[in-house]
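A.B. asks: Go ahead and model the full structure; you've got the sequences and the hints to work with.
From first to last, the protein sequence lines stand for chains A and B. Offset between the first sequence (1-based) and the numbering used here: plus 22. Offset between the second sequence (1-based) and the numbering used here: plus 1.
Bear in mind the hints are in silico, worked out from the structure with no lab data behind them. Keep in mind that this is a model prediction, so the values were computed, not measured. Take the hints with a grain of salt, since some may be wrong.
Here are a few chain B residues that face chain A, going by a calculated C-beta distance under 8 Å [to be verified]:
#1 Y250
#2 D251
#3 H252
#4 R281
#5 R684
#6 E706
#7 D707
#8 E741
#9 Y742
#10 Q745
#11 V747
#12 P749
#13 K884
#14 D886
#15 R891
#16 S892
Stretch by stretch, here's where chain B covers chain A in the computed footprint (C-beta under 8 Å, at least three residues) [said to hold, decoys possible]:
#17 41–54
#18 64–78
Cβ-Cβ distance ranges computed for the label pairs, FRET-style [claimed, not checked]:
#19 K37/A to E981/B: 46 to 56 Å
#20 K37/A to P588/B: 16 to 26 Å
#21 K436/B to K37/A: 28 to 38 Å
#22 Q36/A to F646/B: 44 to 54 Å
#23 T96/A to K267/B: 48 to 58 Å
#24 K74/A to K436/B: 25 to 35 Å
#25 A734/B to F64/A: 16 to 26 Å
#26 F64/A to P935/B: 33 to 43 Å
The beta-carbon is built from N, C-alpha and C at its ideal position, and this holds for glycine as well.
Listed below, chain by chain, are the residues.
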Amino acid sequence: MLNIKCPYCGDRSQKEFAYGGDGTITRPKLNQEISDEEWDNFVYLRKSPRGKHIELWHHIAGCRQWFKVERDTTTHEIFRTFKPEEEF
Amino acid sequence: MSQNFRLNTGGLINRDKPIEFKFNGKKYIGYEGDTLASALLANGIHLIGRSFKYHRPRGFFGAGVDEPNAKMQVEINGCSEPNINATEIELVNGLSASSQNCWPSVNFDIGAINNFFNRFFPAGFYYKTFMWPKSFWYKVYEPFIRKAAGLGIASLEKDKERYEHKYEYCDLLVTGSGPAGLASAYAAAKNGAKVILAEDKPRYGGTLLTDDVTIDNLSGKDWSEKIISELIEMPNVIVKNRSQVFGYYDHNMMVMFERTGDHLEKKSKYTPRQRLWYIRAKEVLLSTGSIERPIVFGNNDTPGVFLSAAAKEYMKVYGVLIGKKPIIFTNNDSGYETAIEFKKNGVNPIVLDTREDQNSELINEAKDLNIKIKFSYAVIVAHGYKKVKSATIGKLNKEKIDFENTEQIDCDSICVSGFWTPTVHLASQSGNKLKFNDSIDAFVPDKSKQNEHSLGAANGTFTLQDTLKNSFNTGSEVSKNITKKDEKIQIPNTNERKYSAHDKFWCSPLPKGKHYKRFVDFQNDVAVSDIEVALREGYRSIEHVKRYTTLGMATDQGRTSNLNGLQLVANVEKKIVPQVGHTTFRPPFTPVTIGTIVGREIGKEYMPTRKTPMHHWHEKNNAVWVDAGAWKRPRYYKRGNENLFEASKREAKNVREHVGVCDVTTLGKIDIKGPDAAEFLNRVYTNAWLKLPVGKARYGVMLREDGIVMDDGTTTRISENHYHMTTTTAQAANVLSHLEYYLQIVWPELNVNVVSTTEQWAGAAIAGPKSRDLLAKLFSKIDVSNEALPFMGYVEGDLLGVKARIFRISFSGELAYEINVESDFGLFMWEKIIEIGEEFNIQPYGTEALSTLRIEMGHVAGPELDGRTIPYDVSLEGLVSKKKDFIGKRSLAKEAFNKADRQKIVGLVPLDRKSSIPEGSHLVENKNAKLPNPKLGHVSSSCWSVENNNPFSLAILKDGKNMIGKKLFAVSPLKNTSIEVEVMSSHYVDHEGKRVRS
Ligand SMILES: [Zn+2]
Numbered sequence: 023m024l025n026i027k028c029p030y031c032g033d034r035s036q037k038e039f040a041y042g043g044d045g046t047i048t049r050p051k052l053n054q055e056i057s058d059e060e061w062d063n064f065v066y067l068r069k070s071p072r073g074k075h076i077e078l079w080h081h082i083a084g085c086r087q088w089f090k091v092e093r094d095t096t097t098h099e100i101f102r103t104f105k106p107e108e109e110f
Numbered sequence: 002m003s004q005n006f007r008l009n010t011g012g013l014i015n016r017d018k019p020i021e022f023k024f025n026g027k028k029y030i031g032y033e034g035d036t037l038a039s040a041l042l043a044n045g046i047h048l049i050g051r052s053f054k055y056h057r058p059r060g061f062f063g064a065g066v067d068e069p070n071a072k073m074q075v076e077i078n079g080c081s082e083p084n085i086n087a088t089e090i091e092l093v094n095g096l097s098a099s100s101q102n103c104w105p106s107v108n109f110d111i112g113a114i115n116n117f118f119n120r121f122f123p124a125g126f127y128y129k130t131f132m133w134p135k136s137f138w139y140k141v142y143e144p145f146i147r148k149a150a151g152l153g154i155a156s157l158e159k160d161k162e163r164y165e166h167k168y169e170y171c172d173l174l175v176t177g178s179g180p181a182g183l184a185s186a187y188a189a190a191k192n193g194a195k196v197i198l199a200e201d202k203p204r205y206g207g208t209l210l211t212d213d214v215t216i217d218n219l220s221g222k223d224w225s226e227k228i229i230s231e232l233i234e235m236p237n238v239i240v241k242n243r244s245q246v247f248g249y250y251d252h253n254m255m256v257m258f259e260r261t262g263d264h265l266e267k268k269s270k271y272t273p274r275q276r277l278w279y280i281r282a283k284e285v286l287l288s289t290g291s292i293e294r295p296i297v298f299g300n301n302d303t304p305g306v307f308l309s310a311a312a313k314e315y316m317k318v319y320g321v322l323i324g325k326k327p328i329i330f331t332n333n334d335s336g337y338e339t340a341i342e343f344k345k346n347g348v349n350p351i352v353l354d355t356r357e358d359q360n361s362e363l364i365n366e367a368k369d370l371n372i373k374i375k376f377s378y379a380v381i382v383a384h385g386y387k388k389v390k391s392a393t394i395g396k397l398n399k400e401k402i403d404f405e406n407t408e409q410i411d412c413d414s415i416c417v418s419g420f421w422t423p424t425v426h427l428a429s430q431s432g433n434k435l436k437f438n439d440s441i442d443a444f445v446p447d448k449s450k451q452n453e454h455s456l457g458a459a460n461g462t463f464t465l466q467d468t469l470k471n472s473f474n475t476g477s478e479v480s481k482n483i484t485k486k487d488e489k490i491q492i493p494n495t496n497e498r499k500y501s502a503h504d505k506f507w508c509s510p511l512p513k514g515k516h517y518k519r520f521v522d523f524q525n526d527v528a529v530s531d532i533e534v535a536l537r538e539g540y541r542s543i544e545h546v547k548r549y550t551t552l553g554m555a556t557d558q559g560r561t562s563n564l565n566g567l568q569l570v571a572n573v574e575k576k577i578v579p580q581v582g583h584t585t586f587r588p589p590f591t592p593v594t595i596g597t598i599v600g601r602e603i604g605k606e607y608m609p610t611r612k613t614p615m616h617h618w619h620e621k622n623n624a625v626w627v628d629a630g631a632w633k634r635p636r637y638y639k640r641g642n643e644n645l646f647e648a649s650k651r652e653a654k655n656v657r658e659h660v661g662v663c664d665v666t667t668l669g670k671i672d673i674k675g676p677d678a679a680e681f682l683n684r685v686y687t688n689a690w691l692k693l694p695v696g697k698a699r700y701g702v703m704l705r706e707d708g709i710v711m712d713d714g715t716t717t718r719i720s721e722n723h724y725h726m727t728t729t730t731a732q733a734a735n736v737l738s739h740l741e742y743y744l745q746i747v748w749p750e751l752n753v754n755v756v757s758t759t760e761q762w763a764g765a766a767i768a769g770p771k772s773r774d775l776l777a778k779l780f781s782k783i784d785v786s787n788e789a790l791p792f793m794g795y796v797e798g799d800l801l802g803v804k805a806r807i808f809r810i811s812f813s814g815e816l817a818y819e820i821n822v823e824s825d826f827g828l829f830m831w832e833k834i835i836e837i838g839e840e841f842n843i844q845p846y847g848t849e850a851l852s853t854l855r856i857e858m859g860h861v862a863g864p865e866l867d868g869r870t871i872p873y874d875v876s877l878e879g880l881v882s883k884k885k886d887f888i889g890k891r892s893l894a895k896e897a898f899n900k901a902d903r904q905k906i907v908g909l910v911p912l913d914r915k916s917s918i919p920e921g922s923h924l925v926e927n928k929n930a931k932l933p934n935p936k937l938g939h940v941s942s943s944c945w946s947v948e949n950n951n952p953f954s955l956a957i958l959k960d961g962k963n964m965i966g967k968k969l970f971a972v973s974p975l976k977n978t979s980i981e982v983e984v985m986s987s988h989y990v991d992h993e994g995k996r997v998r999s
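C.D. replies: This is the structure in structure tokens:
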């Protein structure tokens with residue numbers, strides 16, 4: 023069970039969180055003309071990297087904030103957690 | 002026979018408190034402080050079970066977690082449990098144990114015939130023997146394996162015991178209270194760190210209880226007691242005995258089980274039997290010690306063969322002699338400690354040392370005590386079937402691969418010491434790749450992957466002086482980094498004997514022409530010859546050898562067999578052990594009961610039960626419940642002998658003719674506030690929301706980005722910047738997360754807040770032609786006429802002093818309203834509705850009637866919005882805005898979603914107007930077509946239409962638009978039905994929707 027530091031609440035057990043997938047995906051703008059291929063990339067296509075991965079987590083049994091986690095997918099090492107507006 | 006092998010004095014047992022227990026039906030006496038094993042040994046009982054494969058007689062071998070043989074079926078407090086390690090369970094009055102894996106008795110075991118045919122049971126025999134013919138598997142092989150390979154018998158009774166879970170956080174978790182554990186815990190505690198010290202055994206001290214050492218002029222035992230009593234007094238320290246840390250998980254999550262109940266003669270109702278601890282530790286110090294390695298020789302599994310340290314522990318801790326005529330067979334100095342202890346207790350041992358004649362402090366002490374020592378000697382084979390009676394020993398030649406001469410000597414026990422193996426299981430579980438240490442012929446932890454350190458014998462440090470020095474220092478260092486305090490600690494002076502170097506001898510060679518079975522793994526019955534066979538057959542990887550021979554795969558995780566197994570593979574393969582590598586250790590380190598893992602999350606405690614404020618009213622009125630997620634909802638209210646069908650028909654009919662009331666508290670409710678709320682709803686829902694006036698509700702559909710319908714419901718504009726959203730019961734949590742995701746991650750610029758208010762509001766739907774009359778009586782102060790409160794209108798009212806929200810919305814297709822009051826007034830509201838509704842023939846209705854009403858109206862719900870349908874499929878295209886963008890809109894333009902023959906919701910009635918169509922039935926054109934019969938669609942929801950008094954179903958049908966009027970078959974292979982149906986509109990009642998507007 024991972025130990026995840028919510029940027030709002032601090033260290034909490036993984037039990038309190040829900041995983042939210044790749045955190046580097048940007049939704050296309052509303053009313054934007056977009057090809058089928060671009061749209062499919064956004065909706066369906068995700069990388070499954072071995073190693074560092076920036077992902078979304080939701081503090082679902084806590085403050086209910088979505089935030090980002092940089093985690094190693096093989097060792098589970100968490101390098102940092104940050105608020106969505108604190109991009110890099 | 003009464004405790005003939007108990008010493009007159011000594012040991013840490015309480016001789017004032019005799020304890021009666023049973024073994025295989027016979028009564029025995031032991032003492033408080035005994036384990037089941039020590040009490041049996043005190044009574045001279047050695048034969049305790051039969052081996053797994055060959056059913057050979059087996060006896061005790063170790064004294065703790067090292068024990069591979071002594072697995073027993075134990076009855077304690079009326080609860081029968083298999084595979085209990087007799088060396089670990091404490092003796093309590095009334096305990097009853099029996100041997101397992103033997104039939105009809107441990108003394109006469111029919112399966113032992115396997116022993117005489119053992120050439121038919123070579124390595125991999127499961128794979129070889131039982132592969133052919135296939136038809137034999139169920140009838141012949143499986144029952145045979147099950148019977149022959151039985152460990153204990155799991156109870157079929159419900160476990161009445163109580164188990165608990167506990168969560169803890171600490172700076173340091175120290176696993177094991179031997180010298181390393183005590184020193185490091187003490188140093189860290191002095192620095193103010195929050196420390197948990199866990200000891201597996203009932204007594205603290207580890208090897209300090211049995212080793213002949215002094216620390217600051219105190220005996221090891223006295224020093225450990227002094228340190229423990231100091232630690233117990235410290236508020237920042239938790240000290241736990243009977244507690245085994247068995248799992249090392251990610252981010253230093255340690256799992257430990259504590260035996261809280263079994264050692265108590267009488268425990269209170271609330272004392273759990275066992276407790277599972279989840280401990281998140283900033284640092285973990287592994288002071289798990291080491292386990293003595295056996296030396297392998299012929300018939301080394303005969304009862305009476307022990308690890309030498311176990312024999313010493315039985316004397317020093319329990320005052321028990323494991324034999325009165327022992328051979329000590331050793332390759333190092335440890336065996337001499339056992340020999341000296343025997344001598345001190347009046348027993349004359351003979352020591353066989355595989356090393357050449359030499360001197361050391363210990364050897365000289367043994368010589369001074371006139372203990373008979375034979376250097377360059379080894380045990381070749383033990384004799385005796387159910388107990389060791391004698392042994393053939395031999396003088397090793399120079400290369401130690403053969404014997405110069407052999408002789409047979411009498412003995413009643415053989416104590417082996419093949420040096421020490423650090424207990425590295427937890428370190429390995431943490432991700433630490435182990436490294437081989439040549440000087441001790443064993444693996445030790447290498448680089449840490451998590452915040453852990455191994456100390457003392459667990460790290461291959463076998464002297465007390467070094468162990469204490471390293472452990473005090475590590476405890477100080479590690480805690481200092483956390484607490485920023487640095488208390489200097491004087492490292493105590495120690496007095497211990499110096500060891501001379503051990504011999505790498507690990508297995509006695511077989512004299513020419515002899516084929517003695519030499520066991521490597523006792524618990525899984527794996528002999529040297531089995532491993533040789535596996536290698537001969539081409540298995541090379543140690544992981545494959547392990548699986549093929551089952552070496553080290555038993556519940557003891559090969560604690561006494563791993564290294565000898567690796568050594569053997571290395572010898573045959575002409576490699577060295579580190580080249581062979583080792584297999585991976587996984588949790589649990591020792592077996593854990595399922596009860597402990599489950600804890601109290603069992604039966605209805607498995608998940609929380611959600612009840613509406615009206616729950617008890619429903620209960621009193623014979624509600625039959627249905628689970629809706631965690632919620633309990635009335636499915637119907639049973640009257641007399643009614644069944645589900647009759648009751649739901651009555652309830653639905655009453656809604657259509659008079660008025661009914663339904664508890665809709667479980668619907669998800671989300672409060673939405675903020676200046677951008679309208680814009681947000683406009684993006685979330687498929688239809689337009691910018692122009693919804695205050696005081697109006699609107700039905701909305703929301704999609705996922707892939708165009709699939711996610712949920713539907715109504716949202717009401719309460720005031721300018723305040724909306725009340727409802728979701729389906731099932732999707733409430735997902736919808737909230739979905740909204741939060743878009744507000745926080747995708748469109749943070751929108752000034753909107755959302756919060757769940759599901760539990761804040763109790764809801765009642767009143768539906769039926771009489772509902773307005775009822776509403777008028779409930780809210781006498783407001784105008785509820787069609788003009789004042791039209792369909793999709795909203796108004797606030799006063800229900801006899803209670804503030805209420807009234808929504809004119811309808812799920813049943815009838816004239817209907819939903820009333821919400823704060824949850825505390827839910828029951829009050831409900832009772833008033835029932836009371837005042839009496840004159841209008843009101844009846845409560847459950848989810849079954851609710852379904853009937855919505856199905857015959859053609860309203861979609863979960864079965865239609867099943868994660869595969871887009872709005873066009875379920876006749877919701879009218880709600881899809883062409884003008885604005887919204888979540889998922891781009892996906893609706895995809896080719897597959899716009900095909901002419903795309904699936905579509907339709908209605909179905911059986912041609913005979915009688916046969917109910919099972920939900921899930923497949924729709925096909927020809928019921929007799931060759932399989933696979935092309936599937937045109939499926940039946941999603943079925944009901945008995947109370948309006949038309951015949952069955953009616955909704956279905957999702959390919960090209961449904963053009964199928965109206967066609968005849969198809971609804972086929973259910975599950976129910977074995979095939980019903981001819983006619984396809985029609987999904988709106989079976991009130992096509993124009995007049996009633997809701999009336
Ligand atoms: Zn949080």
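A.B. asks: Going back to the hint list, which numbers does this structure go against?
C.D. replies: 13
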